[in-house]
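A.B. asks: Sequence:
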Amino acid sequence: MSTVDTVRDRLDTLPDVGLVVGFIGAIWAVMLVLAIAVGGANWTNLAAGFVGSVTVLIGGYAILALALNLQWGYTGLFNIGIAGFMAVGAYTTAVLTAPTDPAAGAVPGLGLPLWVGLIGGMVMAAIVGGLAALPALRLKADYLAIVTVAFSEIIRLIVNWNGLAEVSLFGVPFGTGGATGISFKSANEVASTLVNGVGQPIVTAAEGVGISGPNLANLTYGILLLLVVAASYWVLARITNSPFGRVLKAIREDETVTQSLGKDTRLFKIKTFMIGCALMGLAGVLFRGQAGYVSPQQFRPTITFYVFAALIIGGSGSNTGSIIGAATFSGLLFYLPARLGENVSLGGTRAPGSIIDAVAGLGSLDPLPLLAYTISNVSTLRFVLIGVVLIYIIQNQPEGLLGHRNEPATSVSLDRPQSGSGGEADE
1 MSTVDTVRDR
11 LDTLPDVGLV
21 VGFIGAIWAV
31 MLVLAIAVGG
41 ANWTNLAAGF
51 VGSVTVLIGG
61 YAILALALNL
71 QWGYTGLFNI
81 GIAGFMAVGA
91 YTTAVLTAPT
101 DPAAGAVPGL
111 GLPLWVGLIG
121 GMVMAAIVGG
131 LAALPALRLK
141 ADYLAIVTVA
151 FSEIIRLIVN
161 WNGLAEVSLF
171 GVPFGTGGAT
181 GISFKSANEV
191 ASTLVNGVGQ
201 PIVTAAEGVG
211 ISGPNLANLT
221 YGILLLLVVA
231 ASYWVLARIT
241 NSPFGRVLKA
251 IREDETVTQS
261 LGKDTRLFKI
271 KTFMIGCALM
281 GLAGVLFRGQ
291 AGYVSPQQFR
301 PTITFYVFAA
311 LIIGGSGSNT
321 GSIIGAATFS
331 GLLFYLPARL
341 GENVSLGGTR
351 APGSIIDAVA
361 GLGSLDPLPL
371 LAYTISNVST
381 LRFVLIGVVL
391 IYIIQNQPEG
401 LLGHRNEPAT
411 SVSLDRPQSG
421 SGGEADE
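Under the UniProt record's numbering, the first residue of the sequence shown carries the number 1, and numbering increases by one thereafter.
Errors might be hidden in some of the hints.
Unchecked claim - Taking CB as the label site, the calculated pair distances span:
id: 1; residue 1: T13; residue 2: P214; range: 53 to 63 Å
id: 2; residue 1: R138; residue 2: I36; range: 54 to 64 Å
id: 3; residue 1: R138; residue 2: W161; range: 20 to 30 Å
id: 4; residue 1: Q297; residue 2: G387; range: 38 to 48 Å
id: 5; residue 1: W161; residue 2: L371; range: 44 to 54 Å
id: 6; residue 1: Q297; residue 2: P135; range: 27 to 37 Å
id: 7; residue 1: G363; residue 2: G40; range: 16 to 26 Å
id: 8; residue 1: P15; residue 2: I356; range: 13 to 23 Å
id: 9; residue 1: P113; residue 2: W161; range: 24 to 34 Å
id: 10; residue 1: W161; residue 2: N241; range: 15 to 25 Å
id: 11; residue 1: G163; residue 2: L134; range: 19 to 29 Å
Quick caveat, the hints were computed from the structure, so don't treat them as lab data. Everything numeric in this text was worked out from a predicted model, so none of it was measured. Backbone N, C-alpha and C fix where the C-beta goes; we use that ideal spot for every residue, glycine too.
Hey, can you work out the whole structure from these sequences and the hints?
C.D. replies: Spelled out as structure tokens, the structure:
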């Protein structure tokens, strides 16, 4: 047995909660070590900033990966319109909660409470997802993918259209803000209010060790986002561990056989698509709308690729793997390289202008030019790293980090009950 198999077997013995908490804790430890290494006397504030930012990223991508796992991992619905459904949730919440009398130049909204906006955003994303699913689910996977990405782009173009920047309905002005976007009261403001209110003693203590109020508020928001991830995980676990979840698995494996057993597979797929889109809408509000502002530029198709990368790394068909994959992608492959590029240097070694000049230094056994070039361009090269990781996983471990785990909804026991336990004896 290889070392990898040994490590995997040991990890399989851990409960899901312990595995997720331990993995995220390990990423926090990496950020802490980096802050200590490069932060000098300001390392505590830098560590709080690193941990808070990476926690927000992990929370946002975890919600999206869980939603996609329900659609693709369990049901086989290839949805690559994630960014569009995020935009529906974010813009609906923004329109519902934006102030009725905004500052000059801003777009007015309906001024409703944030919790109403969150529910409204999820409901609208679910409705739009259902409308997209009605015609699209008649199609096979490849064609469904084309329909969803086209639907996503249509949504982005609609919110980008200046004709809807500010409109009036029954005398009530509101709008999307067009290309400039729209501001609204975000959940991050709630976290800041919480920190500066009942959490004032904590703020005072944090400032005493050099942690600024904004970094503490961002860290608090990240932790609240992880609580949303935990709630989403619990809901999806209840769904996927139920008979409903076993039908989804059956649809993914063989829809014709599932239909022959009397299941209305089309209705199951529509329900699944709507639930997943509702979570994507929630992520659009809490993740992309964190700063209380959304614009069309925040919902480009690249975010769909990021979510698929996270799920492939973690393992489709596994809710726990979805979170682990989101943490791996956002923390180690996306966020960490960018921070290394910003804070690590090679002293007096200047980065070459091109990769050819950087590699040329190896001819004289001088690796420093290549290292300097890599560090200075790490924000771009991290996408190469993501690609290399995806290629390795697809070729060597196609089930992902945790896709091999035997979760209840992915396996149905066919053993007949024994007579000693009240069942009929085998004949």
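A.B. asks: Quick one: are Q297 and P135 within 27 to 37 Å, going by C-beta?
C.D. replies: Given range 27 to 37 Å: holds, Cβ gap about 29 Å.
A.B. asks: Per the hint of 53 to 63 Å, is the separation of the Cβ atoms of T13 and P214 within bounds?
C.D. replies: 41 Å, violated
A.B. asks: Hint says 44 to 54 Å; check whether the CB-CB distance for W161 and L371 agrees.
C.D. replies: 47 Å Cβ-Cβ, so the 44 to 54 Å window holds.
A.B. asks: Please test the hint of 15 to 25 Å on the beta carbon pair from W161 and N241.
C.D. replies: 43 Å, violated
A.B. asks: Within 13 to 23 Å or not, the Cβ separation of P15 and I356?
C.D. replies: Violated, since P15 and I356 (Cβ atoms, about 51 Å apart) do not stay within the stated range.
A.B. asks: Lying within 54 to 64 Å: is that true of the beta-carbon distance R138 to I36?
C.D. replies: Given range 54 to 64 Å: holds, Cβ gap about 56 Å.
A.B. asks: Okay, G163 versus L134 on CB: inside 19 to 29 Å?
C.D. replies: 26 Å Cβ-Cβ, so the 19 to 29 Å window holds.
A.B. asks: Could you check the hint for me, namely that R138 and W161 are 20 to 30 Å apart, CB to CB?
C.D. replies: Roughly 29 Å apart at Cβ, these two residues keep to the hinted range, so it holds.
A.B. asks: If you check the beta carbons of Q297 and G387, does the distance land in 38 to 48 Å?
C.D. replies: 24 Å, violated
A.B. asks: Can you let me know if the beta-carbon spacing of P113 and W161 is within 24 to 34 Å?
C.D. replies: This hint holds: roughly 28 Å between Cβ atoms.
A.B. asks: Kindly confirm whether 16 to 26 Å is satisfied by the beta carbon distance between G363 and G40.
C.D. replies: Given range 16 to 26 Å: violated, Cβ gap about 37 Å.
In terms of the numbered hints stated before, the structure departs from hints 1, 4, 7, 8, 10, listed from lowest to highest.
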